[in-house]
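K.L.:
Sequence:
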Amino acid sequence: MHGQSLWDTVLHVPLVIHDPRRSDGGRRVAAQVRSVDVMPTLLEIAGLDPEAADGRSLLPMMAGRERADRPAYSELRVRETSQLRSATWRTGEHKLHLNAGLKNRRSLELYDVAEDPGETRDLALERAKQRSALDAELREWIGTIERRGSPWKRGTEIGDELQDRLRALGYGE
13 MHGQSLWDTV LHVPLVIHDP RRSDGGRRVA AQVRSVDVMP TLLEIAGLDP EAADGRSLLP
73 MMAGRERADR PAYSELRVRE TSQLRSATWR TGEHKLHLNA GLKNRRSLEL YDVAEDPGET
133 RDLALERAKQ RSALDAELRE WIGTIERRGS PWKRGTEIGD ELQDRLRALG YGE
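Each residue of the sequence shown is one higher than the last, beginning at 13 in my numbering.
Since the hints were derived computationally from the structure, they do not count as laboratory data.
Accuracy of the hints is not assured; some may be wrong.
[Unchecked claim] Cβ-Cβ distance ranges computed for the label pairs, FRET-style:
{"no.": "1", "residue 1": "Ala43", "residue 2": "Ala145", "range": "16 to 22 Å"}
{"no.": "2", "residue 1": "Asp172", "residue 2": "Gln44", "range": "32 to 38 Å"}
{"no.": "3", "residue 1": "Asp134", "residue 2": "Ala58", "range": "39 to 45 Å"}
{"no.": "4", "residue 1": "Arg139", "residue 2": "Asp31", "range": "36 to 42 Å"}
{"no.": "5", "residue 1": "Ile157", "residue 2": "Gly38", "range": "35 to 41 Å"}
[To be verified] Mimicking SDA-like on lysine to any residue, the simulated pairs with C-alpha atoms at most 25 Å apart in a straight line are:
{"no.": "6", "residue 1": "Lys141", "residue 2": "Pro129"}
{"no.": "7", "residue 1": "Lys141", "residue 2": "Arg82"}
{"no.": "8", "residue 1": "Lys141", "residue 2": "Asn111"}
{"no.": "9", "residue 1": "Lys141", "residue 2": "Gly161"}
{"no.": "10", "residue 1": "Lys141", "residue 2": "Glu152"}
{"no.": "11", "residue 1": "Lys141", "residue 2": "Asp20"}
{"no.": "12", "residue 1": "Lys141", "residue 2": "Ile29"}
{"no.": "13", "residue 1": "Lys141", "residue 2": "Glu173"}
Here the structure is a predicted model, which means the values were calculated and not measured.
For every residue, glycine included, the Cβ atom is placed at its ideal position computed from N, Cα and C.
When you get a sec, could you build the whole thing from the sequences and use the hints?
P.N.:
Structure below.
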């Protein structure tokens with residue numbers, strides 16, 4: 013179901029940004045970027061300070077001044093309780109899947125997305141050191157989010173009409 017998966021077939025989408033101040037369009041950036049970086053990028057294009065926004069502007073990357081992939085975090089939460097159901101931590105070449113499970117039965121899967129873009133071969137047992145290192149990064153990130161407070165816990169209410177429209181697009185349960 014669309015919106016209920018953390019596989020790259022759902023998460024990995026093209027991003028096109030037009031900066032009206034630049035004439036050298038058509039640049040393709042191969043590095044992984046994150047949706048959280050879109051807002052600071054648009055703020056910077058508009059001449060506003062992006063410092064208050066989460067994420068980092070993509071303009072340096074678009075100009076060829078920065079090439080590093082930024083780790084990307086994705087999560088699925090149980091709607092009624094906002095409990096973490098699953099999460100991923102994706103670097104340029106690797107992706108760690110956390111299946112939080114019920115009753116704290118935690119499991120990890122590791123994929124080399126450069127060699128296995130379909131995420132079909134779990135390397136978690138073969139590459140235990142790498143799995144542990146990525147798991148530590150993921151745990152640190154989740155801890156930061158938990159301390160900050162999830163927007164789902166804030167009780168954002170949306171109307172029935174919007175809920176119906178989102179369900180029609182495949183979002184929701």
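K.L.:
Going back to the hint list, which numbers does this structure go against?
P.N.:
9, 12, 13
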